[in-house]
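Order-wise, the sequence lines are chains A and B. Take 0 as the starting number for the first sequence in numbering that gives the first Met the number 0 and just add one per residue. Take 0 as the starting number for the second sequence in numbering that gives the first Met the number 0 and just add one per residue.
Misleading hints may appear alongside valid ones.
Said to hold, decoys possible - Within a straight-line C-alpha distance of at most 20 Å, the following computed EDC-like cross-link-like pairs (lysine to aspartate or glutamate) qualify:
no.: 1; chain 1: B; residue 1: K13; chain 2: B; residue 2: E290
no.: 2; chain 1: B; residue 1: K116; chain 2: A; residue 2: E164
no.: 3; chain 1: B; residue 1: K10; chain 2: B; residue 2: E106
no.: 4; chain 1: B; residue 1: K116; chain 2: A; residue 2: D262
no.: 5; chain 1: B; residue 1: K13; chain 2: B; residue 2: E70
no.: 6; chain 1: B; residue 1: K13; chain 2: B; residue 2: E44
no.: 7; chain 1: B; residue 1: K13; chain 2: B; residue 2: D211
no.: 8; chain 1: B; residue 1: K10; chain 2: B; residue 2: D316
no.: 9; chain 1: B; residue 1: K116; chain 2: A; residue 2: E168
Claimed, not checked - To be clear about the criterion: a stretch of chain B counts as covered by chain A if any three or more of its residues have a C-beta under 8 Å from a C-beta of chain A, and this derived list gives those stretches:
no.: 10; stretch: 98-107
no.: 11; stretch: 242-256
Claimed, not checked - One side of the interface only, derived from the structure: several residues of chain B facing chain A at Cβ under 8 Å:
no.: 12; residue: M57
no.: 13; residue: L59
no.: 14; residue: I60
no.: 15; residue: R93
no.: 16; residue: G94
no.: 17; residue: S110
no.: 18; residue: L111
no.: 19; residue: N112
no.: 20; residue: V114
Note that these hints are calculated values from the structure, not bench results. We put the CB at the ideal spot given by N, CA and C, even for glycine.
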Amino acid sequence: MDFFRRYKRDKVGIVFGALLVLLYAVALTAHWITPADPMAVNLREVFSPPSSAHWLGTDQFGRDVLSRVILATQVTVRVTSAACLFAVLTGVPIGMFVGYRGGWVEAIAMRLTDMLLIFPIIMLAIVIVVVAGPTETGVVVALGLAQAPTFIRIARGVTLAAKEELYVEAAIAAGSGWPHILVRHIWPNISTPIIVQATLTLPVFVLNASALSYLGLGVQPPTPEWGQMLNEAKDHLITSPYLIVGPAAALVVFVLSANLVGDVVQETLNPKLKKRK
Amino acid sequence: MGAAEPLIEVKDLKVHFHTEDGVARAVDGVDFAIAPERTLGVVGESGCGKSVTARAVMGLIDAPGRIVQGEILLRRQSQVVDISKLDPRGREIRGIRGNEIAMIFQEPMTSLNPVFKIGDQIVEAILLHDRIGRREARERAVDLLAAVGIPLPRQRFEQFPHQLSGGMRQRAMIAMAMSCNPRLLIADEPTTALDVTIQAQVMDLMNALRRDFNTAIMFITHDLGVIAGMADDVVVMYLGRIVESAPVREIFHHPKHPYTRGLMGSIPSLADWGARRLTAIEGVVPSPFAERQGCGFAPRCPHAMEICRTRDPGLEDVAPGHAAACFLHRAAP
């Protein structure tokens, strides 16, 4: 695989790629690797500081924080992957269609997209969550729809360029209809920028998911989520500051690795960018 | 032209582009017909409307262009279809494109999709129109690659466009165009981007295919040498109109219109090499935005008369099968 061979040349890419893989591995195996039951309440052990039994301490219900951070990783990965997929699957087809179709359909679709883009994403997500309800599905839909306009714009932009290619005209001259042209001729030629955008947007999804649950609009207790754990921990910041360490560190590591990996993926898929540095 | 019913007949076709600078009359009243299995050469300099005519025949005119007048009649087994009236996105025109009329383009470098194997692109083209299995389509694609003279067709099938030379790519494009055995092949400057030896090979190939597949060809070029080697009949276009139309021998031996003569005079010849200066046609092509008055060629014509600036000559027969749009060849008007 040419992609991996070139990706491997970047040390930052290797280190943070490994971290990201580690986080996903943790997410996939969360149920087996938690040292204690993340939901088990133990009122005799509330607010115990980090120890060999509880590496990150216990919270106000005596639950093991490390186990909760591990389970929260799974929740975050699940929610953000689904939301990212949702945004791509709604945004890209719309963007490709209106870009290819042009005319008044495009004009109307793009003005609507612009209107969605003027709202801060978090605000849009809050509105959607309020409508759809603060469930995991609600969060996925909210984050996905909030990001879909970005993908509409990108897919439309690259489609506009690709549809002028002579091979597209040759395909029309061969009698292809538009669905065939979009799927078989345009999509393979525009997938790269869309993959890059998806990787670059992943950390935004993670931050927004945490922000929503911090605000109490995301994943509901007792299911752990980093933002929601931070929200609970802030009430005990003076007395038990260690509670904040686990979820905050996990969040930082995830977002940082996803960001850097996104950059390296972009440079790998578009080697011209690298020379500019 | 032969006595046979024409395969395609274009009548008084006008394609105008409505732009912010005004109306560009890219094709401004063109008539011609192509009989089955004949080759029509369309000659003219850049911007004379020859490519736009070809696109109109394929139903490929995009906004701001519009067919404002005329008919493009395609004769099928039982009925006649007017392509200019079909919805350019509709099902009917898609059944004609690639199936009954196929097209090859000037740039073999960019008219193949870079991310697909050559063979798969031909298979796609076959499957668009014929309800046959993928395996059968593969076999036919390999046969087609062999038929257009691509050595080792099975290996080439698996290769990507960037692995092929320009000539090979144009052959692959021709294979793709011939995949559904079209009755008319429109070739828009197919040899212009190729070097001369490859040009000759591609022309030989197209002539051979015309015999084998019984296909009529509309061959667009600005190269008179290519026309001499390919065409049965020739139309010369200038400023969106046909100025002369005749069988190929007639047009080379007895060109009537001063523009055609000018084109002939600008061909270098080996016979009188160095003895003769090439004659150039004076002036430049007028803007297609300009309102036409009289003969479009009059401002550049060495024989222009008073009448040429005021009245439009129109295409009229000067000899059997030979028409020219010029007052020089008329009996006193």
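message: Check whether the Cα positions of K116 of chain B and D262 of chain A lie no farther apart than 20 Å.
response: violated (30 Å)
field: Hint check: 8 Å Cβ-Cβ cutoff, V114 of chain B to chain A
entry: Nearest chain A Cβ about 4 Å off; hint holds.
message: Interface hint check: N112 of chain B, Cβ to nearest Cβ on chain A, cutoff 8 Å. Holds or violated?
response: Check passed: Cβ of N112 of chain B comes within 4 Å of chain A, closer than 8 Å.
- prompt: Quick one, is the R93 of chain B hint okay against chain A at 8 Å, beta carbons?
  reply: holds (5 Å)
Hint check: 8 Å Cβ-Cβ cutoff, I60 of chain B to chain A: violated (12 Å)
message: Need the status of pair K13 of chain B, E290 of chain B: alpha-carbon distance at most 20 Å?
response: Holds, because 15 Å separates the two Cα atoms, which is no more than 20 Å.
Straight-line alpha-carbon gap K116 of chain B to E164 of chain A, limit 20 Å: holds (17 Å)
Evaluation of the interface hint that places L111 of chain B against chain A, nearest CB under 8 Å: holds (6 Å)
- prompt: Are the Cα positions of K10 of chain B and E106 of chain B separated by 20 Å at most?
  reply: Violated - the C-alpha atoms of E106 of chain B and K10 of chain B are around 29 Å apart, more than 20 Å.
message: Would the hint linking K116 of chain B and E168 of chain A be met if the CA-CA limit is 20 Å?
response: Judged against 20 Å, a Cα distance of about 18 Å means the pair holds.
query: Is it true that the CA of K10 of chain B sits at most 20 Å from the CA of D316 of chain B?
result: With a Cα-Cα distance of about 17 Å, the restraint between K10 of chain B and D316 of chain B holds, given a limit of 20 Å.
- request: Decide if the proposed pair is consistent with the structure: K13 of chain B and E44 of chain B, CA atoms, cutoff 20 Å inclusive.
  value: holds (18 Å)
Going through the hint list in order, the structure does not satisfy hints 3, 4, 7, 11, 14.
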